Amino acid sequence: MTGEAKVPDRKGAIWIVAEQAGGKLAPVSLEILGQALRMAREAGGGEVAAVLVGKDAGALAGELAACGADKVFLADDRRLSPYQNDTHGAVLAKLIEREDPGVVLFGASACGEELAPTVAARLDTGLGAHCTDLDLSADGLLMMGVLGFGGRVHTEMFCPMRRPQMASVKPGMFQPAPRGERTGTVVREDVAGLLEGERIRLRAVKVVQEEPGGVPLEGAEVVVAGGFGIGGKEPWALLEDLARELSGAVGCTRPALDEGWTPGDHTMIGTSGKTVRPKVYLGFGISGSPHHMVGIKDAGVIVSVNNDPRAPVFESSDYCVVSDFRKIVPALLREIRKVKGGDVGQPSLV
Amino acid sequence: MSGFHIVVLVKPVPDPGCYDRVEIDPATGVLARQGMPSVLNPSDRHALEEALVLQERHGGRVTLVSMTPESSAETLREALAMGGDEAVVLSDRVFAGSDSLATSRVLAAGIAKVAPFDLVLAGNESADGGTVHVPSQVGELLGVAHLANVIRLEVDADGSVRARTRIENGYVEVEGAFPMVLGVRREINTPRYTSLMGVIASQGKPIRVLGAEDLGVDRSGVGMEGSNMRPGKLSRPSYRRKGERVKGDPEEAVLRIVGILRAEGVLG
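Keeping their order, the protein sequence lines are chains D and Y.
Taking this note's numbering, the leading residue of the first sequence gets 1, the next gets one more, and so forth.
Taking this note's numbering, the leading residue of the second sequence gets 1, the next gets one more, and so forth.
Check the hints yourself; a few may be wrong.
Below, simulated DSSO-like cross-link-like pairs (lysine-lysine); rule was C-alpha separation at most 27 Å, straight line [stated by the list, open to error]:
| id | chain 1 | residue 1 | chain 2 | residue 2 |
| --- | --- | --- | --- | --- |
| 1 | Y | Lys247 | D | Lys327 |
| 2 | D | Lys24 | D | Lys94 |
| 3 | Y | Lys247 | D | Lys279 |
| 4 | Y | Lys205 | D | Lys297 |
| 5 | D | Lys11 | Y | Lys233 |
| 6 | D | Lys233 | D | Lys206 |
| 7 | D | Lys297 | Y | Lys247 |
Between beta-carbon pairs, the in silico distance windows are [said to hold, decoys possible]:
| id | chain 1 | residue 1 | chain 2 | residue 2 | range |
| --- | --- | --- | --- | --- | --- |
| 8 | Y | Gly204 | D | Ala192 | 27 to 35 Å |
| 9 | D | Asp308 | Y | Gly221 | 49 to 57 Å |
| 10 | Y | His58 | D | Glu234 | 41 to 49 Å |
| 11 | D | Val207 | Y | Ser195 | 35 to 43 Å |
FYI, nobody ran anything at the bench for these hints, they're computed from the structure.
What you are looking at is a predicted structure, and each value in this text was computed from that prediction instead of being measured.
Heads up, the beta-carbon is just placed ideally off N, CA and C, and yes, glycines get one too.
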């Protein structure tokens, strides 16, 4: 940043746009709230507010207040469920114009990555996409860290001349705000007034949630991940056996997803997938592209198994096993079952 | 004219297979990507495929619109070889350094130039920047309905649209009508291969180049000057860890892994 005339005098509140899924706050919403509270504290104070747009969301608004939001703007109306960018975009843009916050943070969920640019275009302001780090200076300038070129380049982005400064934040990047005993204020909004004069051109007619089975990747203490080196759907089942035995979750890289070996894109880890922070990450047949490694950088211990001793993944691992996963995984399953004192059965594909 | 006019937004990007060649010049701190070949942005192929399927079903025209330096315009021949009737390249020095909103302003002006349109299809994200902003922001600027993350599309002859969009662990069915801007994800279809006939046909298809003046865009709203977002420091993130080689045969390695799992408190 050189020679820019900044707009430093107005700090303004930090807002987070909260999202709900299946009657619960989305984990990423509590993560951005946690980071907003940290940034406000480090920048010497300032208000942190949440905005919640939906239907029958009063209890969740209370939860946001209990998690540290000083104020929760609640737009609660049957027209706001399910999510739809015409309605949500209009309500958010109008609230932001009225309240004039300094920073607005969105989760980079599927909805967030559509809603954030919609609102940014309506307000003619800047938007950092899928940020992996955020920092707020004392004069209120937001540093938005973004990754490009498959995780190989990190760029600091700024929005020096416009307010609010807006960012969407990748899930899994920040520690969630803990639930406390704080009681912020819930402000109920007049939704009819906010939607007045808006053209609603789209109609969401059906929402289908396919709850994936097993342990969710984001919360798993053990992640068992596989890459292109797994080679097929049948050997992939070995990884699922191992994850199950460890009460962990299965993750994958982009090539394994593209080959159709995995249960679906909710299992992908990396720049365009999920970020995980397990205690132990076990990777098999993974080459180690930055695209994937960025998604596991906060793992406690990284153990990689690959039969190519020159695989780049080894540089980014704590423990490196040069071997065929077909030998390692079945033996590992036997050993784990022995330790757990359970049945020492024969796993498939030995 | 019968059938729809579909605009497909396409972008030449540095070949994702060459990303390990991306360097940051230590003296200037600027990204050096010389010698990286341009390819058609992967998810744009899916947008084009969807447009071609609609054209086959309903007739009409497919126009490719791209904001790119003129030097990358030949990459559009590849898209024209897949199908599509003509390409319009939006190219001007003043466009350089545009953030997603400034880029969307240029694209919206380009679309207005080839209007009227029924549908604008775009890849959901580009491989290099990957913001997922452009479909929504172009839609906002054109003042029409828009959706990102589209994984299924049905269009009736009267222009009514039923789209399926991806959400976390599920999907939403959305109804609307033309005009519309849709960002499509790669699971929507399998793009066709380019045929030899397609390559030959593409040579005869026009590529029009339009600059800021042709588009009538306000120069203060495009390029670095017109961008709300400004880049700061660039760096190469490091994911390096201790990289300890586990010695011994597989049985020994397995005992070591079990030891690690126990030490971390996730087993027994």
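Numbers of the earlier hints that this structure fails to satisfy, in rising order:
4, 6 and 8
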